[in-house]
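Engineer: These protein sequence lines are chains A and B, in that order. Numbered by our numbering, the letters in the first sequence go through residues 1 to 337 in order. Numbered by our numbering, the letters in the second sequence go through residues 1 to 531 in order.
Honestly, the hints are just simulated from the structure, not real lab data. Bear in mind that the values here come from a model prediction, so they are computed numbers and not experimental data. Don't take every hint at face value.
[What the hints assert, rightly or not] Some chain B residues flagged as far from chain A (calculated, every beta-carbon gap over 12 angstroms): (1) V118; (2) N358; (3) E386; (4) T395; (5) A397; (6) E405; (7) S439.
[Claimed, not checked] Computed beta-carbon distance windows for the label pairs: (8) B:L356 / A:E186: 44 to 52 angstroms; (9) A:F211 / B:S152: 39 to 47 angstroms; (10) B:S415 / A:S14: 29 to 37 angstroms; (11) A:P253 / B:T401: 22 to 30 angstroms.
All residues carry an ideal CB built from backbone N, CA and C; glycine is no exception.
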Amino acid sequence: MIGRSKVIWEKFKSSRRNIYSLYIFSFIFILSIFAEIISNDKPILMKIDDKLYFPLIVDYKETHFGGIFETEADYKDDFMQDLIEKNNNWAVFPLNPNSYNTINLNNSTPNPAPPSLHNYLGTDDRGRDVLARLIYGFRLSVIFALVLTIIAVVIGIFFGAIQGYFVGRTDLFLQRFIEIWSSMPELYLLIIFSSLFEPSLSLLIILLSLFGWIGLSDYVRAEFLKGRNMDYVIAARTMGLSNYQIITRHILPNSMISVITFLPFRISGAILILTSLDFLGLGVPPNTPSLGELLSQGKENIEAWWLSLTTFFVLVGTLLLLIFIGEGIRESMDSRS
Amino acid sequence: MSNKLLEIENLTIDFTDTLHRKNIINNISLQLTKGEILGLVGESGSGKSITGLAINSLLDKKKFITKKGKIFFEGQNVLEKSEEDLLKIRGNKISMIFQEPMLSLNPVQSLRTQICEVIKLHLTNDESKFQDIIESIFSKCGLECNNKILNSYPHMLSGGQRQRAMIAISVVCKPKLLIADEPTTALDVTLQLQVLGLLKKLSKENGMSLILISHDLDLIKNYSDNVAIMKDGKIEETNSTSEIFNNPQSSYTKRLMNCRPERMIDGSRCNQELLRINNLNCRFLTKNSLFKTKRKYFHALTDINLSLNIGETLGVVGESGSGKSTLAMSILQLLNYQGQIIFDGLSLEKMSKEDLRNQRKDFQIVFQDPYSSLSPRLSILEILSEGLSVYGDYTQAQLLTLCEELLNEVGLESSMLYRYPHQFSGGQRQRIAIARAISLKPKLVIMDEPTSALDVVVQKNILDLIISIQKKYNLSYIFISHDIKVVSAISHKICVLKKSEIVEQGETISILENPQSDYTQQLIRSTLFDS
Chain A
1 MIGRSKVIWE KFKSSRRNIY SLYIFSFIFI LSIFAEIISN DKPILMKIDD KLYFPLIVDY
61 KETHFGGIFE TEADYKDDFM QDLIEKNNNW AVFPLNPNSY NTINLNNSTP NPAPPSLHNY
121 LGTDDRGRDV LARLIYGFRL SVIFALVLTI IAVVIGIFFG AIQGYFVGRT DLFLQRFIEI
181 WSSMPELYLL IIFSSLFEPS LSLLIILLSL FGWIGLSDYV RAEFLKGRNM DYVIAARTMG
241 LSNYQIITRH ILPNSMISVI TFLPFRISGA ILILTSLDFL GLGVPPNTPS LGELLSQGKE
301 NIEAWWLSLT TFFVLVGTLL LLIFIGEGIR ESMDSRS
Chain B
1 MSNKLLEIEN LTIDFTDTLH RKNIINNISL QLTKGEILGL VGESGSGKSI TGLAINSLLD
61 KKKFITKKGK IFFEGQNVLE KSEEDLLKIR GNKISMIFQE PMLSLNPVQS LRTQICEVIK
121 LHLTNDESKF QDIIESIFSK CGLECNNKIL NSYPHMLSGG QRQRAMIAIS VVCKPKLLIA
181 DEPTTALDVT LQLQVLGLLK KLSKENGMSL ILISHDLDLI KNYSDNVAIM KDGKIEETNS
241 TSEIFNNPQS SYTKRLMNCR PERMIDGSRC NQELLRINNL NCRFLTKNSL FKTKRKYFHA
301 LTDINLSLNI GETLGVVGES GSGKSTLAMS ILQLLNYQGQ IIFDGLSLEK MSKEDLRNQR
361 KDFQIVFQDP YSSLSPRLSI LEILSEGLSV YGDYTQAQLL TLCEELLNEV GLESSMLYRY
421 PHQFSGGQRQ RIAIARAISL KPKLVIMDEP TSALDVVVQK NILDLIISIQ KKYNLSYIFI
481 SHDIKVVSAI SHKICVLKKS EIVEQGETIS ILENPQSDYT QQLIRSTLFD S
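Looking at chain A on its own, in the form it has when it is part of the complex:
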C-alpha cells in the first residue's frame, strides 16, 4: 500500500494544476476554520485602564467596564468605542472587525450597503457584513459537505459490501429495497420535514444522509462482486478466515479506490445541494451564515452587485478547486495511463 499510494501521490504531484488546487483549497479551508480570529466583532486583545482583556475567549459583561447592561459587552457600540479610545487604552480587532451576525447600525446608506471601510464587501439587506458571512458560510458549507460525505460513504460501503459479498438473496432484497427507497421524492420530504420540525443543520444532515449513500453503494457492490472472486480471496477462504476478516482485510482495501475517486465530486455536490436548499429557503435556520441565502438575497436585490457577485465567485472557486482535485485523483489512480 505504501508503494502504491506513493506512486499515486507522485502522479498527482506531476500536474501543477492538481497540486496548486490542493494547496489553495487546503489553505483557504484551514484559514476558514479560524474564522473567529479573522472575522469577528470582538477584539482579540484589549487594554483598558492598564488591564489586559481577551474578549475573544472570555465573555465580559458590559457592567464590567462600567456600562449599564448585564449582557455581554458590544465592542462596536459607541460606549465601548469611546472607552477604547480613551487615555492609554487600545484594542486589537481581527482583520475584518465583523462577525457573521454583526449588524452595522451606524450605516449612513440604506441596507444593503455597498462596500465601505466598515464593511469591506458591503452589507446584506439586514445590515450584516457580507465578507464575514462569506467566510463563515464557506466554512459551514465545507464542513457540512464533509460530514454528509463521510456519513454517505460509511452507509454506502456498509450496504454495498453486504450486497456484493453475500450476493444471492441478500443482494436481491437489498437491491429491491434500494430501488424503492430511491424512488421516494427527496425534495418533497425535505419541504414537508422543514415545515414539520424547526429547521436545523442536523435535521438537514439526517435527511440528506438517508438518500446520499444510494449511488455510492452501487459502486462498492460492483467492486465487491469483482473482489470476492479474486484468487487471494479464495485463498483466504481456504485458510479459514471469517467473512468479516475477508471483507475488512482483503476486499475493502482493494475496493477503496473507486470510493476515494468519488470523494471530491461528492463533496462539491454536497456543497451545491446545501446552497440550493438555502437558496430555496429550505435549508439552514435563518441567521445562519450560508452561501445560498446570500445568493437569494442577491436575487432580491439585483442592483446590489456585491451580494451576488462575491458569493458567485466564492462558490465557483470552491467547486472548481474541488473538481480539479477530483480530476487529479481520478487520473492518478487510473493505472492504465
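With the hints as your guide, set chain B onto chain A.
Structural biologist: Using the frame of chain A, we list chain B on its own:
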C-alpha cells in the same frame, strides 16, 4: 534487389511514460527472406511483441521512441514513411494476427462486414467479386463458407473458428509478410496443431513470409525455418532451427533448452489413502424457473471418482472448460456439489461449519495467476501470517520467525517480509503463494495451473521447489494443468478430463506410453509434437 523481404538494422526503441524512461529494444538486427518462417522466441517482456508491432509501425510514437535503426520492407525504410503510405502497406502487404481472436475481432460487426471491409480497402470495390474472394480464402483456411458463419458475430463462433476467421481476414489480401503473435497460446492443444498447420500451409502456397512469435520452444522447433532468441530486448542468438536446437551457442539458449520439463520424480510413495472422491457431480443453474423440471443446468462435473494417497501427486489434465478448476473448488468446499469427498477418513460434506473451518488448514491452494493471488495491499508478512493467526495464538515475534522460515523454505530472503506483492516478479510471487499454502502445514495442496503464467526458466525452478517441498513434508498434490508435459514431469498418477467427465486415469507412465482413449492420444500427440 535481393530476395530479402525484411531487414531490421540496429533497431533501438525506448519506452517512456510520465515517470520512467526505459530501453526495451536494444540494437536488434533481423533478416527475413521470401517464404521464410522465422520463429521469435523469448520470455514475456523480452520485446518479442514490440518488435512485431514496430515492423508494422503500430507503436504509439509518443510512448515508444525509436532512437536509431532502420526497418527495410521490400527495400524501403518503414520508419521514414508517412502515415498515408503506411496505410497501403498495413493489412495489404504486412498483416498481423494476435493471441486472443475475441479481442482482435470487432464484437459488434458480423464476420462478413469485417472481411468485406478489408477487401474493399485493399483489393477491389466490385461487390460482385466479394463472394468468390471470400469463398476461396475460407476454403483455404478450412472454414465453411455459408451464410450462417458469415452472418455470425465473433462471440457466436468457437475458439478455433474465430482464430481461423482472424487468419482469413489477415491473409485475404495475400500479404507478403504475416506476423503471428502467439497465435495459438489461447487455443486448446488440439486446435493449436490445426491452426499452426494452416499457417504453414498458407505460407507455402502463397510464398508468404511468417514471423512466428512464441514462448513455446517445441512449437518453434516444429514450424519455423530459422529462430531468433530474444532476451531483455536483445537478440541472443539467430540461426537455423536445427542448429539452434542441436548446437546452441549462447548460455541463455542452453538454459532455455534445459528447462523443458523432464520427469522429476521417482515412483516411491506411501500406500495410505488421503483423499477419495465418489460420484462427484457439480452443476450450475443456467436457466431458473419456478418448476423444477423446467430448470436448466450446465454440468461442470459428471460422476468423478478419484483417489489420492499420501505423498502422491495426481495430475489433472484437460482443456479450458473441461471442469478442472471446478474440481479444485469442490474439493476445497467452496462450491455446492453432489457426491462424496472423503478427506483423511472424514466425509467433508457432512461436517458442520465450525468443524470445516478447522479442517480447512489441511487443504490449501496455489493459483495460476501470481498477480491476482496475492492481495496487493498487504505486505508479505501480513499475507503469510494471516492463516497462522487464525489457527494459533502466536505472539508477533513468533509470527515473524515462522514467516521468515517460510520464506527461506521457498528460496526467498527473510528481508523481503516487509515488501508488497508488486515489488516482486511473477516467479517470486508464485513462491510466496506456495509459502502461504504451506504455512498451515497442510496435507493436500491443490495446484491450479501454478506454472502456466510463468516463463520456462522460472517454471522449471518452481517445479523443482514443488517437488522438494513434497519430499520434505510428504505432501499430496493435485496438480491441474492443460500442459501434459508439465503434468507428466511431476505426477505419479494422471487423470484426463474432457467436457466434465474423466476420459482416462491411471499411472503416469502407462498413460503416456499406452493411452487408451482417442482424446488422450490426440492430446499427447499435439503437445509433444511428435506427429
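Engineer: Each hint should be assessed against the structure and marked as holding or not.
Structural biologist: Consistency of the hints with the structure:
1. V118: 29 angstroms, holds
2. N358: At roughly 7 angstroms from the nearest Cβ of chain A, N358 (chain B) sits no farther out than 12 angstroms, so the non-interface label is violated.
3. E386: 6 angstroms, violated
4. T395: 19 angstroms, holds
5. A397: Given that every Cβ of chain A is farther than 12 angstroms from that of A397 (chain B), nearest at about 21 angstroms, it holds.
6. E405: 18 angstroms, holds
7. S439: 8 angstroms, violated
8. B:L356 / A:E186: 44 to 52 angstroms: 46 angstroms, holds
9. A:F211 / B:S152: 39 to 47 angstroms: 46 angstroms, holds
10. B:S415 / A:S14: 29 to 37 angstroms: 31 angstroms, holds
11. A:P253 / B:T401: 22 to 30 angstroms: 26 angstroms, holds
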